[in-house]
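A.B. asks: Chain by chain, the residues:
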Amino acid sequence: EDQVTQSPEALRLQEGESSSLNCSYTVSGLRGLFWYRQDPGKGPEFLFTLYSAGEEKEKERLKATLTKKESFLHITAPKPEDSATYLCAVRPGGGGATNKLIFGTGTLLAVQP
Amino acid sequence: DAGVTQSPTHLIKTRGQQVTLRCSPISGHKSVSWYQQVLGQGPQFIFQYYEKEERGRGNFPDRFSARQFPNYSSELNVNALLLGDSALYLCASSLQGAVEQYFGPGTRLTVT
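Protein chains in written order, with our numbering: chain A, 2 to 114; chain B, 20 to 131.
Here chain A stands alone, though its shape is the one from the complex:
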């Protein structure tokens, strides 16, 4: 069964304190791993797509990496405005035309000044 597990569930950091969020996955034929940011009461905001092991993508203080079993979202010197829930999702293979995403439950990040 296709599954995504994120850890930790919640993370509290001091401003400037770097850390990493984990996303482990089990999927039949990965056709993309996605990171989204979600603010309370709003829709997810697209951050990154990763396709193959060894791939890395960066955006401002965020860097996403991918292995065959997991992905990490590294946050360098975070600021309070980085506080949000970070969602990881995979798009399974297995044929068919659907672009269905399977999401984890997210990591709630709080960055204190």
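Keep in mind that the hints are not guaranteed to be accurate.
As the list claims (entries may be wrong) - Only pairs whose alpha carbons sit at most 30 Å apart, straight line, appear in this in silico DSSO-like list of lysine-lysine:
#1 A:K43 / A:K80
#2 B:K49 / A:K43
#3 B:K49 / A:K58
#4 A:K60 / B:K49
#5 A:K80 / A:K58
#6 A:K43 / A:K58
#7 A:K43 / B:K71
#8 B:K71 / A:K58
#9 A:K60 / A:K43
Derived by calculation from the structure, the hints in this document are not laboratory data.
Model the placement of chain B on the given structure of chain A, informed by the hints.
C.D. replies: Chain B alone, transformed into the frame defined by chain A:
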């Protein structure tokens, strides 16, 4: 360019009633997907439509249905509402052949 838009923003319904949620994709996007997000959980896939045809369906009962119009906008209908249908309903659009999906702000449905 405008992003994905959804209406209404909030909705309160009574058990047993029916509801229709609406979504307009980003201009040029022909694929629309619907997700349900219960508080504290990640979004769960309900439907995908592309060129007005259903391309995928998640593990939801037949009370849930959807359609896509010639202008690529979409409606999600839920009949015989249950308390457990209370959630944030998200619409996402994507370009033909693209994997990235862009989400709207969602419709918060409360069933009492």
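A.B. asks: Quick one, are B:K49 and A:K58 close enough, alpha carbons at most 30 Å?
C.D. replies: With a Cα-Cα distance of about 27 Å, the restraint between B:K49 and A:K58 holds, given a limit of 30 Å.
A.B. asks: Given the hint that A:K60 pairs with A:K43, test it: the Cα-Cα distance must not exceed 30 Å.
C.D. replies: Holds - the C-alpha atoms of A:K43 and A:K60 are around 21 Å apart, at most 30 Å.
A.B. asks: Verify the proposed pairing of B:K49 with A:K43, using a straight-line Cα cut of 30 Å.
C.D. replies: holds, 23 Å
A.B. asks: Going straight from one Cα to the other, do A:K43 and B:K71 come out at no more than 30 Å?
C.D. replies: holds, 27 Å
A.B. asks: Given the hinted pair A:K43 and A:K80, is their Cα-Cα distance within 30 Å?
C.D. replies: holds, 20 Å
A.B. asks: Check the hint pairing A:K60 with B:K49 against an upper bound of 30 Å on the C-alpha distance.
C.D. replies: holds, 27 Å
A.B. asks: For the pair supplied as a hint, A:K80 and A:K58, is the alpha-carbon distance within the 30 Å limit?
C.D. replies: holds, 20 Å
A.B. asks: Hint check: A:K43 vs A:K58, CA-CA at most 30 Å. Holds or violated?
C.D. replies: holds, 24 Å
A.B. asks: B:K71 and A:K58 were given as a pair; does the straight-line alpha-carbon distance stay at or below 30 Å?
C.D. replies: violated, 34 Å
This entry does not satisfy hint 8, going by the numbered hints stated previously; all others are met.
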